[in-house]
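S.K.: Chains A and B, in that order, are what the protein sequence lines are.
Note that the working numbering has the first sequence beginning at 1, numbered continuously upward.
Note that the working numbering has the second sequence beginning at 1, numbered continuously upward.
The set of hints was computed from the structure by calculation and includes no laboratory data.
Not one of these hints is a red herring.
Listed next, the in silico DSSO-like pairs over lysine-lysine satisfying Cα-Cα at most 30 Å (straight line): (1) K38(B) x K2(A); (2) K38(A) x K38(B); (3) K2(B) x K38(A).
Examples of chain A residues lying across from chain B (beta carbon under 8 Å, computed): (4) M1; (5) L21; (6) F71; (7) N74; (8) G75; (9) H169.
Think of the CB as a built atom: it goes at the ideal place given N, C-alpha and C, for glycine as much as any other residue.
2 protein chains.
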Amino acid sequence: MKFCSECGHAVETRVPDGDHLPRSVCPACGTVHYQNPKIVVGCVPEHEGRILICRRAIEPRRGYWTFPAGFMENGETLQAAAARECWEEALARVEIGSLLAVVNVVHAHQVHVMFRARMTGPEFGIGPESLESTLVRPEDLPWPEIAFPSIEFALRRWLDDRGRGVEQHHFADFDRGAARRPA
Amino acid sequence: MKFCSECGHAVETRVPDGDHLPRSVCPACGTVHYQNPKIVVGCVPEHEGRILICRRAIEPRRGYWTFPAGFMENGETLQAAAARECWEEALARVEIGSLLAVVNVVHAHQVHVMFRARMTGPEFGIGPESLESTLVRPEDLPWPEIAFPSIEFALRRWLDDRGRGVEQHHFADFDRGAARRPA
Chain A
1 MKFCSECGHA VETRVPDGDH LPRSVCPACG TVHYQNPKIV VGCVPEHEGR ILICRRAIEP
61 RRGYWTFPAG FMENGETLQA AAARECWEEA LARVEIGSLL AVVNVVHAHQ VHVMFRARMT
121 GPEFGIGPES LESTLVRPED LPWPEIAFPS IEFALRRWLD DRGRGVEQHH FADFDRGAAR
181 RPA
Chain B
1 MKFCSECGHA VETRVPDGDH LPRSVCPACG TVHYQNPKIV VGCVPEHEGR ILICRRAIEP
61 RRGYWTFPAG FMENGETLQA AAARECWEEA LARVEIGSLL AVVNVVHAHQ VHVMFRARMT
121 GPEFGIGPES LESTLVRPED LPWPEIAFPS IEFALRRWLD DRGRGVEQHH FADFDRGAAR
181 RPA
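The following block holds chain A by itself, in its conformation from the complex:
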């Protein structure tokens, strides 16, 4: 941030009174501009034992596979955002289920929240941000071509839990690409 979004004046970087971190502060109107982590929300859509995944048409990681996920918007719930992303990326309707994974992606200033989901029918397609979509058997997941560590983490926990007949939630931290998973 270089300019104040309220008055257009150039901002300074300093620790505001009573604060403990440097912020972008406008010397003209006094506005303090906070920058906070963004929420990426997604779901693992299941239909008759298969998982719906999409190949990304956009950067980063164009050409790699993911389940539907994206930035949460103002005015929606986590669950509504997860269902919307599934519709946008794979033209599939889902019922959002239990919480699967919460991943602190520290270096990217993101928290990823992933749910289990059930497709309401067999229909799916290819949204504008996808190159292709497919329903895969879990044993056919393209592990070397999964787009992001948080997506791989969630898929592996999904599989583990399914094998054990449970639906737990799982935390992980990723920082500069190094996985640190709490015990």
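Let chain A serve as the given structure and place chain B on it in line with the hints.
M.R.: Using the frame of chain A, we list chain B on its own:
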């Protein structure tokens, strides 16, 4: 947002190409400014069966009670943020435990994430954003003076789970003050 934070030009509100929602777009440099929900993170610190709560010294809801909670910062995990807020507001050190509640506060463009926590000792104090702090027995919680619906929701679930000897996580949605809790 009135001005572009990258170049200082006045922004326009329009739906960018390939998008589906109106955004603040700069007609001079082309930057699209997204606005997304913020994460508020907190914990219910327990010590020998009592809960640490603070009376707010700042608006909104100055004078009302809450457990330590606040905005997550870039560069930290949810768990680290929850522990930091506890230190800042109540000068207490905690070990963050299991996930307690995830609350979609839709009208405020916030997601609140609350954890259980255990104080590492009996010490606590009064941080600059608190008027007082106290360790209360659960039966003495000041329900009519709890600051926010999400805080009350988390405390009630904490109590219910404790009575049943479990540690589950709970979702709730609040929109314009009306509670809608998924079954």
